[in-house]
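The lines below spell out each chain.
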Amino acid sequence: MRTDRLKLAANLTRPLLALVAAFALTTLALLSTGVSPLEAYRLVLFGAFSTPVRLSDMIMLAAPLLLCAVGLSITFAGGLYNLGVEGQMIAGAIAAMVPLRLWPDWPPLLLWLLAGLSGAAGGALWALLIGALRRYANVSEIFAGLGMNFLASGLALYMVLGPWRRQTSASLSGTDLLPRDLWLPTIDRLRLAPAAPVIALLALAIVWWALTKTRWGLEVRAVGLNPAAAGRLGVAAFRRMAETLAACGALAGIAGMLQVVAVHHALIPNISSGIGLLGLLVALLARADPRWLLPIAVAFASFTVGSIQLPLTLGIDSAIAGVLQGALVLFALVARARVR
Amino acid sequence: MDQLWIDLAAVLAAASPLVIAAMGETLSERAGVINLSLDGTMLLAAMTGFAVALTTGNLLLGFAAAALVGAAVAAVLGLFSLTLGQSQTAVGFVLALLCTDLSSFLGAPFVRVPGPAVPFTPIPVLADVPVVGTLFFRHDPVIYASFLIIPATAYLLYGTRLGLIVRALGERPAAVYARGVDVTRWRYALLIAGGALVGIAGAAFSLDLKQGWSYRHTFGAGWIVLAIVIFGGWRPWRVALGCYLFAALEIVATRSQSALPNIPTQIVQVAPFVLMIFVLALVNLASSPAAMRRVATLPQIWQRPLLGAINRLRATAPAALGQPFERP
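These protein sequence lines are chains D and Z, in that order. With positions in the first sequence counted from 1, the corresponding number in this note's numbering is that position plus 1. With positions in the second sequence counted from 1, the corresponding number in this note's numbering is that position plus 433.
These are calculated hints, taken from the structure and not from any lab test. Be a bit skeptical, because a hint or two may be false.
[To be verified] Which chain Z residues face chain D? A few, computed with CB under 7 Å, are given here:
1) PHE513
2) ILE700
3) VAL703
4) VAL707
[As the list claims (entries may be wrong)] Stretch-level coverage of chain Z by chain D, calculated; a stretch enters the list once three of its residues show a Cβ under 8 Å from a Cβ in chain D:
5) 656-662
6) 714-727
Just so it is clear, the structure is predicted and the values come from calculations on it, not from any experiment. Every residue, glycine too, gets a C-beta built ideally from N, C-alpha and C.
Next comes chain Z alone, as it looks inside the complex (with noise of 0.2 Å):
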């Protein structure tokens, strides 16, 4: 039974960075603005975080680094697309590339250097208690940080005014206009705020999860956020699960390879992504008006439960995701 905690405390564990830079990328898609730029930024943070860690040997100024290198792609972003409106797939994209490449190009004096990382910290007394002890509190503070940005992210969407304004920024952005509030601005702030956690969340790679660095050292976990923020309908707590599915699913992939000798360790990797990507097709299939249609065929007694299940998994995108907006 104790070794299902300690294998549940490695999950959470595990998915501390790709929780850290689904809030970030939550709150800014949220806003209206899709930053697709993700895979790249997480990389350029993560080596600049380890590169200014390694030589100031400040774990700090190592975060700090990185946050400002994701604030500063994410700046980069909104210049191209909200100010000169150029389409954010396209510069996202682009800037995935390139930032890829100058991390790797600006990386090669660092790849397989020892370096710092974040010392394990569990926290006193709290560590003892069983079961939330080795679960929560066996840790340290990168995977602390993780925990408590759920709530927080979750808090400001829901229970503040200024998620409020973020939410309408993100569904109607001419209603917020209409209120007073400058709408590209508040776009930059949480798109900047969001790329920031997404620099950090490199960081908490190559200075905790994975320490060190390498090419493409983090393996496509930008990607894997993108889809995870889809995954979870936008919702930061549906999102943070579906970053735990995925690790935990990873973590299941790798152990059952001793199990299934025949199956490469590679094709197991790229499972999770490949599931997710179904499992979303299937709820909006079930969510579809077709399938909608079948249910209310379906006697009394069914619809209910089941039009509550569809609705409860179903995931709809902010209705101005992606969308340039322009002054009425």
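Next comes chain D alone, as it looks inside the complex (with noise of 0.2 Å):
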């Protein structure tokens, strides 16, 4: 009995505690540069919410972090650290191109189609690779992830700067826009394409389906926990591992897709713009679980918008929401150790 009250005391508090160290290490960083903490924490937390612009601007980074975040729930489900979730999207969004710029003049809704379409089968193939890497060549999933993700970026710059290059000279800065009419539509005067967000919110809903209540989720998990023990019950523990990337990949793939047809309609060399990796730490600091998922991506894609004004209104820089984002999940992660 008053074991259990402790351990209910120790599960309540021990979450509280780690959100106040975060805090705590973002404010002495804060206060290192002589900013009022306060202040530059009004415009982190709250002002992603300020203007329609901003709010929209949050939206349009919040689908393609969820895409990740819901993609990377599989593969660590599956006991799998998916680095190359990066070079992932990447692979999407060079994907996603090749029917856009071969059939410009198809209708648009079958040319978001086939870009989507296309996009999810370009990270799945390059996510495979670090599975088939894995399992022939004996490379750890960390590093194969690493190494398709430099392959990715040199593969975006080649198309940038090579084949896709700009009609008037080569740019760093992208390739042509795209047609106006295959811009995804947004609300007007915003940047806000609600097929975007739609389109995550539903890989949420597929994948929570997916991991909690079908016999290939429950395969999934038994495998993440130990695939020796799975293979032994008979679960083709490869061929689960093999098929959380490709999800993952497809899904981080299609957020390469938005990004191109969405935000910036064209391909740049950083259309990932780190949004995979920031994408493993939503999915670390939800633990997987999909409940945690949709409100922590929400948060992290408003700190990282909130951040944008700083440099502006107080001078400092905007990494300092990538350092509150870090310090939430590090000390997450302490939180959650067992009391021995």
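Two chains, two frames, a set of hints: combine them into the complex.
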């Protein structure tokens, strides 16, 4: 009875302590620059909600972020650290550009569908290569993923400066913009394309169902807990591993496609802009629990968008959003440590 | 011919931060702890080292501060993973991102500020020896240190009793525990010592090789070092060779720029990392059981040298790398 109450108290106080510790570290960093931490927090925490433009920017960042985090919650359930998510997003963006550039005069609806499919396929293929490297060449998925990230960003650069370079002159700022009618429709005067968050939420619902309500999800989680034991019980462990990677890659690929048709309207070298890695933080903090993915993705996206105003208004670097996000995840990890 | 030696000397110099960081990471991984925070640690240490050296005007203080930062990040990783039982991969990855952003945020006032740098110090007499002098004795103290640290690490690991304990910590912690060694305490020690070296490597960028500070100053060097340690099979000399090969590839890649003007620099810069993963995959494929069975069907004369070559190339990770240690 007493230990139960102690455990409950620990369950409540630990996340709070983690929160306090994360903000304490971020505040220390802010104090070192001499600006008022309160003023900085006002912008970082609430800035994204201050105007409709910023709110729409936040949603357009949260959508691909949620897609990546949802995908990563599948690979985490399967016990894999898919650091290659960044490269999968880039591969998806490049693949999505192919139909858009080949047949620009086809009906937009069909082209978006094709771009989505092609982006998903590109991301999945990029992820499966990691699976193959791990299975057949004994390279851990972490380093295979990092290698594939480098390769994908090299490929994006090559496309931007080579075959798809601007008609006027090759430029690091990206390819020519897509024709106006191929941009995902937005709510007027804002940059918010409603299709993006809808796709992300749909993906969240489907993955939630697949992981918790199907036999496939059970097998994936079994492989994640103990691949050898799952194999003994008749689960095709490698197959499940490859499927989780492909699923994550496909979702990241769709995120890359959204970056092309809804945000940048072109292929740019930095098309993934660290969203994949941020998605890893989201998935780690949510502990791959689907219920937490949406609120955390929205919170992290709003920190990032809110911090963009920092250099102009307070003269400090916007990287403080990353410090806060990293510190939150770091201390949350400790809060979960077992009581010995 | 002289140009060749000068180029080789440039490779030796360019690899110096990689070598120092790779030896640090080799030490902690041989003890069974993977420090995935390398890239962030190097950035934060590079920034701190530069800032301290700039404000105090003392280079040594800069390097000491960088070492301290590296050791501190490693200690945090140790606390969360070794003591509190969280995944080394997860904590290391989060620390990598956190330290990267901390370096960008705290380092903003120092971006592109000119600052102090380690002075060029050719060693008298020895520097004038043909070839050898050009290769090894016309550098600065950081690069000399990177030369010395390789045999030192190899000797520590293979020539001392301490090294025996370190290797056992990574291979069979339960066995050293039974011998009365406190596994967790020793792993902390190696992790922190390795982290200090990684910090010094960061300062070797900002105070020597790539003087100054800018956003993401080290260009992913930490991730590269992590890959090189695996590529080198956790053996100091091979890891060092990996660093030099990598630096040589980078220099060749930038030089070939003028020969192949239609390929952009940025693509050439990602090539060495990709090549390294590719070679690693090939080596692992060659030493896989399936490949071994194929070798066994070849005529006897071919088998011996082939197996010998494969064994030489094969890289096996310390058996307990990344595994938590529970007292039996």
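Quick one, is the VAL707(Z) hint okay against chain D at 7 Å, beta carbons?
-> holds, 5 Å
Hinted contact ILE700(Z) with chain D - closest CB pair below 7 Å = holds, 5 Å
Can we keep the VAL703(Z) interface hint, with Cβ of chain D closer than 7 Å?
-> holds, 4 Å
Coverage of the region 656-662 of chain Z by chain D, judged on three or more residues with CB within 8 Å = That given contact holds, which follows from 3 residues of the region 656-662 of chain Z lying within Cβ reach (below 8 Å) of chain D.
If you look at each residue in the region 714-727 of chain Z, do at least three have a Cβ nearer than 8 Å to any Cβ of chain D?
-> With 5 residues close enough to chain D, the hint holds.
Supplied contact hint for PHE513(Z), tested at 7 Å Cβ to chain D | holds, 6 Å
Of the numbered hints given earlier, the model fails none.
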